[in-house]
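We have chain A already, so just place chains B and C on it with the hints.
Protein sequences, first through last, are from chains A, B and C.
Per numbering that gives the first Met the number 0, the first sequence runs over residues 0 to 318.
Per numbering that gives the first Met the number 0, the second sequence runs over residues 0 to 563.
Per numbering that gives the first Met the number 0, the third sequence runs over residues 0 to 288.
Calculated directly from the structure, the hints in this document are not laboratory data.
Cβ coordinates follow ideal geometry from the N, Cα and C atoms, glycine included.
It cannot be assumed that every hint is accurate.
[What the hints assert, rightly or not] What follows is a set of in silico ranges between Cβ atoms, one per label pair, in the way DEER data are often shown: (1) A:P241 - B:R317: 44 to 50 angstroms; (2) C:D236 - B:R317: 20 to 26 angstroms; (3) C:S233 - B:D177: 55 to 61 angstroms.
[Stated by the list, open to error] Quick list of in silico lysine-lysine cross-link-like pairs, DSSO-like style, CA-CA up to 27 angstroms: (4) C:K31 - A:K308; (5) C:K286 - A:K317; (6) B:K407 - B:K318; (7) A:K317 - C:K225.
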Amino acid sequence: MKVAVFLEHHDGELQKGSLGVLGKAGSLGADVVGVVLGSGVNDLAADAGSYGARKVYVADAPELEAPLPQPRVDALAQLVRDQGIDTVLFAASVLASDTAAGLAARLDAGLNWDLVDIAVEDGSLVCTRPALEDSVYAEVGWTSDVKLALFRPGAFDPAESGGDAEVEEFTPSFEGFSTQATMIEQAHEESEGPSIEDADVIVAGGRGLGGPESFTLVEDLAKALGGAVAATRAVVDAGWYPYASQVGQTGKTVSPKLYVACGISGAIQHKVGMQGSGTVVAINKDPNAPIFEFSDLGVVGDLHEIVPKLTELVQQRKN
Amino acid sequence: MARRRRPRPADYPPPFDAREFVAEPTDPPDERIEVGILIVGAGPAGLACAIRLGRLIQESPELAERLGEVPVAVLEKGKQPGSHSLSGAVVNPRSLRTLFRGEKNVADMPFYGEVRAEGVYLLRRNGSMRIPTPPTMKNHGNYVASLSQLSRWLAEGAEEAGATILPETAAETLLVKDGRVLGVRTGDKGRGRFGERLPNFEPGSDILARVTILCEGTQGHLSGVAIDTFGLEGESPQVWALGVKEVWKVAKPLRRVVHTVGWPLRSQAKWREFGGSFIYPMGEGMLTIGMVVGLDYRDADLSVHDLLQQLKTNPFVRKMLDGGERIGWGAKTIPEGGFVALPKRLHAPGLLLCGDGAGMVNVPALKGIHYAVESGRLAAEAAADSLRPGRTPWTPGVLGAYDEAVRKSFIWSDLEEVRNMRQAFGRGFYVGGALAGAMTATKGKLPPGDKPTEPDAVAPAVRTDRRRRYPAPDGRLTFDKLSSVYLSGNRTRDDAPNHIRLRTTVPEEIAVLWEQMCPAQVYEAADGHVEITPSNCVQCGAITAKGGRLTPPEGGSGPEYTLT
Amino acid sequence: MRGPVALEVAEPNRCPREPRISCPWLESLLVKIAVCVKEVPDSGVTKRIDPNTKRLDRSGEGALNHFDSQAVEEALRVKEAAGEGEVVLVSMGPAGALDSLRKALAMGADRAVLVSDDAAEGSDLVATSRALAAALERESANLVLFGQQSSDSDGAVLWAAVADRLRRPVISQVAELTVADGSVRGKRQTEFGYDVIEAPLPAIVAVSDAINEPRYPSLKGIMGAKKKPQETLSGSDLGVDTATLGEQGSGTTVLALGDPPPRGDSRKIEDDGSGAKQIADFLAEKKLL
Numbered sequence: 000m001k002v003a004v005f006l007e008h009h010d011g012e013l014q015k016g017s018l019g020v021l022g023k024a025g026s027l028g029a030d031v032v033g034v035v036l037g038s039g040v041n042d043l044a045a046d047a048g049s050y051g052a053r054k055v056y057v058a059d060a061p062e063l064e065a066p067l068p069q070p071r072v073d074a075l076a077q078l079v080r081d082q083g084i085d086t087v088l089f090a091a092s093v094l095a096s097d098t099a100a101g102l103a104a105r106l107d108a109g110l111n112w113d114l115v116d117i118a119v120e121d122g123s124l125v126c127t128r129p130a131l132e133d134s135v136y137a138e139v140g141w142t143s144d145v146k147l148a149l150f151r152p153g154a155f156d157p158a159e160s161g162g163d164a165e166v167e168e169f170t171p172s173f174e175g176f177s178t179q180a181t182m183i184e185q186a187h188e189e190s191e192g193p194s195i196e197d198a199d200v201i202v203a204g205g206r207g208l209g210g211p212e213s214f215t216l217v218e219d220l221a222k223a224l225g226g227a228v229a230a231t232r233a234v235v236d237a238g239w240y241p242y243a244s245q246v247g248q249t250g251k252t253v254s255p256k257l258y259v260a261c262g263i264s265g266a267i268q269h270k271v272g273m274q275g276s277g278t279v280v281a282i283n284k285d286p287n288a289p290i291f292e293f294s295d296l297g298v299v300g301d302l303h304e305i306v307p308k309l310t311e312l313v314q315q316r317k318n
Numbered sequence: 000m001a002r003r004r005r006p007r008p009a010d011y012p013p014p015f016d017a018r019e020f021v022a023e024p025t026d027p028p029d030e031r032i033e034v035g036i037l038i039v040g041a042g043p044a045g046l047a048c049a050i051r052l053g054r055l056i057q058e059s060p061e062l063a064e065r066l067g068e069v070p071v072a073v074l075e076k077g078k079q080p081g082s083h084s085l086s087g088a089v090v091n092p093r094s095l096r097t098l099f100r101g102e103k104n105v106a107d108m109p110f111y112g113e114v115r116a117e118g119v120y121l122l123r124r125n126g127s128m129r130i131p132t133p134p135t136m137k138n139h140g141n142y143v144a145s146l147s148q149l150s151r152w153l154a155e156g157a158e159e160a161g162a163t164i165l166p167e168t169a170a171e172t173l174l175v176k177d178g179r180v181l182g183v184r185t186g187d188k189g190r191g192r193f194g195e196r197l198p199n200f201e202p203g204s205d206i207l208a209r210v211t212i213l214c215e216g217t218q219g220h221l222s223g224v225a226i227d228t229f230g231l232e233g234e235s236p237q238v239w240a241l242g243v244k245e246v247w248k249v250a251k252p253l254r255r256v257v258h259t260v261g262w263p264l265r266s267q268a269k270w271r272e273f274g275g276s277f278i279y280p281m282g283e284g285m286l287t288i289g290m291v292v293g294l295d296y297r298d299a300d301l302s303v304h305d306l307l308q309q310l311k312t313n314p315f316v317r318k319m320l321d322g323g324e325r326i327g328w329g330a331k332t333i334p335e336g337g338f339v340a341l342p343k344r345l346h347a348p349g350l351l352l353c354g355d356g357a358g359m360v361n362v363p364a365l366k367g368i369h370y371a372v373e374s375g376r377l378a379a380e381a382a383a384d385s386l387r388p389g390r391t392p393w394t395p396g397v398l399g400a401y402d403e404a405v406r407k408s409f410i411w412s413d414l415e416e417v418r419n420m421r422q423a424f425g426r427g428f429y430v431g432g433a434l435a436g437a438m439t440a441t442k443g444k445l446p447p448g449d450k451p452t453e454p455d456a457v458a459p460a461v462r463t464d465r466r467r468r469y470p471a472p473d474g475r476l477t478f479d480k481l482s483s484v485y486l487s488g489n490r491t492r493d494d495a496p497n498h499i500r501l502r503t504t505v506p507e508e509i510a511v512l513w514e515q516m517c518p519a520q521v522y523e524a525a526d527g528h529v530e531i532t533p534s535n536c537v538q539c540g541a542i543t544a545k546g547g548r549l550t551p552p553e554g555g556s557g558p559e560y561t562l563t
Numbered sequence: 000m001r002g003p004v005a006l007e008v009a010e011p012n013r014c015p016r017e018p019r020i021s022c023p024w025l026e027s028l029l030v031k032i033a034v035c036v037k038e039v040p041d042s043g044v045t046k047r048i049d050p051n052t053k054r055l056d057r058s059g060e061g062a063l064n065h066f067d068s069q070a071v072e073e074a075l076r077v078k079e080a081a082g083e084g085e086v087v088l089v090s091m092g093p094a095g096a097l098d099s100l101r102k103a104l105a106m107g108a109d110r111a112v113l114v115s116d117d118a119a120e121g122s123d124l125v126a127t128s129r130a131l132a133a134a135l136e137r138e139s140a141n142l143v144l145f146g147q148q149s150s151d152s153d154g155a156v157l158w159a160a161v162a163d164r165l166r167r168p169v170i171s172q173v174a175e176l177t178v179a180d181g182s183v184r185g186k187r188q189t190e191f192g193y194d195v196i197e198a199p200l201p202a203i204v205a206v207s208d209a210i211n212e213p214r215y216p217s218l219k220g221i222m223g224a225k226k227k228p229q230e231t232l233s234g235s236d237l238g239v240d241t242a243t244l245g246e247q248g249s250g251t252t253v254l255a256l257g258d259p260p261p262r263g264d265s266r267k268i269e270d271d272g273s274g275a276k277q278i279a280d281f282l283a284e285k286k287l288l
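Bound conformation, chain A alone (with noise of 0.2 angstroms):
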């Protein structure tokens, strides 16, 4: 098995959820690789290297600079025309996905999304994927001869091992149609906090808070985080929060690594929205709330005393 990480990079940072892939890749005993395509980005390649590359490709063109999928298409087809790459492996982001989308449809390879976890099975490469709402797990496969798996943002973490890459550049040429797209103003504003659908921790809030005033709480812990607030229909509706934060049946799905639920009694319309998250901590002073039949850990306590010195105790040792 020939395995190609794609690493993605914005601002001069190779992206956390490139480097996780990469570790998992690094882990599964086979010949692993690590690509890195943009303008100025050698000293990126050799980065990679820490997180577990042995080797990785590099192609800098201007044709690259901007983060646009088509031109990645071209080089990423090219490679793994030249290298008989057969697996090529992308954590998911808007870039990634539209270019793992697109070398499907040029390899004719198929291409598996939404994937939490890779294994090798019998010599065949295996995946999980949640369904339904993260009710259902499928394990997914390949029938084609190249291989393309798309992880869920978060799905590992980067394991820093040291070490360096070897590093070797290449040339892609480009299809006239690829480069018709273009940047005209970039993105680079980093916003108060991560909106809810990306972020890796959550705290919402719900009726238990009381008011509105207690949203603060609920801030302030997600501030220490370094997560985004959540709230549920009921509050949303009594106007406490806006409906872009509202999680649930009517409002967002999010399945963050850690969901921790103030004064959420846990309806069902509220669980289909997070039922996904990796870790769930609940705190409510009614122990029969439900939430606590899905949580990891439930706290029966006044949330007015736990969540700020909650707050303080992880400022404390995050420094």
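Chains B and C in isolation, oriented as in the chain A frame:
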């Protein structure tokens, strides 16, 4: 020391006036929609009507010409036909046979099997005792059905017959001019929580028709408006029961139709807890179980939803559900006034009333679907007839032919025979049982005299400790209301305007009454007033019986029933 | 505050939909916009996976994928701003899927083309993009629109595969669309904020769910939908070898279905003053701090 009179919902009437829902057409002529015959409601009555009309149009080219480009239109406020249909149900197939004579037969219909055996049981908390089946409840020759599935199947037939079905369309206003019904105006879409217009606001439209046939089912909005406007009230006010049911996948097939009475309802007369449960097999792998309770009960803490949960803990019932999984849930009211509550006329100029919306339900037999189908069929014939040369649907006496046809039909004779049955049970289960027995034996001749009904909203509300006996939801056998609402498929948008007219500052007893009554947790009693979450509403109609008023929400909202 | 619906004084019947599009050039060309749409299982009904095929059970009610109705809405706005043109729906699915496409016709789309072939059942991205690209070639649209994702497989990648086969530029996650002077400009929503990307027409654009609120079809629209042209094409009608469709033509497969990994022991404690610390310890233990 004077005793405070117990509050009654009727003392707190909702801000509702039927006149708000009657108007003349306002759309400019080029924006109006004109159809031949307009049917409101894609349930068994409306679809039977459409199917019969299709056949009549086929047989008469003149009728086809007179009805124009869209000869028959059926408005349905649910997402699609069947989305708001709910019943037990054990269906008497006679009217469907008549409707489809020569074209389809029972084997083609989406039934779950013929009733082969049945039993009636008196339940106690931890036991059950079989009792003889009352003659009114004998079901041999009848079929178990899901009304939602049946409506869906009938809708296909209606479309095949040339009807245009318009789902997600609520009929909000009755268009009346010079004393004649000209059609309906549909509801607006895209209004926000406070009624404000959202960016994708779409106003309703005037739909004009030669004849308008209301087949809206229980608590039909325009049916109520029409009865009020044209003075069609029957001798006695209409009364309702609330039915809450679940559909289960089961490990052991149920091989008979079961009805229960007794626990968990109280038997003493003063509590007025008239009702019982039904458990019907749906093929080998499913069954449906429901609890039905008359809405004239006194206990403010009575929750039919939770009585159903309680019922399932009885060992006799529990055994049937062992190893199973709840896959459906829904709730709807059933008109129970019977014969004495039927409107005094079923027509007005340009208008006909059918089915449950007109109260055509046989309470002791728990049947209404076959009356709905038959009334729809008869309405089709009367409507077609009213358009023959030389007459109009508002010529005096013309649509009266529908009333005559209904009076000559089994709908009338059945309902007359069982009138007063329900009222008898107001005297308590045992006395009621004896009276019911007498009525059946004498085919309604004894006891003599028609007993009037009392509106459900005049029942006083009394606080009790009943809630302590409701089982805590375990998520496997018993469930909470929000989980039930979720299972009904209700995904109404959160910023939908409030479609429920209700006085929100009421005494505690009334607030609690509404909170417990509603199977969908729409109302919450909070500090001297009531909080409303209209998007939970599954449009069962209970609130209209008990002091509020349901109006049609935005078309397409509410439950999406499939197996109920 | 909740209460009775506000009663209104008479107002003009329609809210004007502001066109955010200026396209003088379009006046001289026939505007043709193709929208790729899909019928998905109605989400009001509990979704199930068929244990035999290991794929989503699509036997129940279908509905138009909500995200696709946003793409249809955007197409209608472009057409309305141009004052003329055609919006054609292109879809792939079982024959009955035409019913769901009718809602989009009711919104105002002009025509529907359904690629339906038994051989296409079980098609994955590779096979589906092939068939769709063939249908789109046939239409030669100036602009091809997709919705953000499909609520059944939650796939959010189809447009990129189709764009590659059509050899056209693609812009995805577009929260704001402007068509002017022979090109299309999209504000692309990414993890890092908004980019502005431009591409010459003909191009493919996938809109994000932030782009618009789709209109409700008017009653006249609903009634007229059935009369609009709807055609069904098989693989051979499109000149696509059926061996390249369906499971045969796909590159992926579902091997097995199972339950999600157990959540592990659920712990519930009463706060005796140390609740916050216990949470902090727990988070540290799980390497979440």
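Going through the hints against the structure:
{"no.": "1", "hint": "A:P241 - B:R317: 44 to 50 angstroms", "result": "45 angstroms, holds"}
{"no.": "2", "hint": "C:D236 - B:R317: 20 to 26 angstroms", "result": "57 angstroms, violated"}
{"no.": "3", "hint": "C:S233 - B:D177: 55 to 61 angstroms", "result": "57 angstroms, holds"}
{"no.": "4", "hint": "C:K31 - A:K308", "result": "60 angstroms, violated"}
{"no.": "5", "hint": "C:K286 - A:K317", "result": "12 angstroms, holds"}
{"no.": "6", "hint": "B:K407 - B:K318", "result": "45 angstroms, violated"}
{"no.": "7", "hint": "A:K317 - C:K225", "result": "63 angstroms, violated"}
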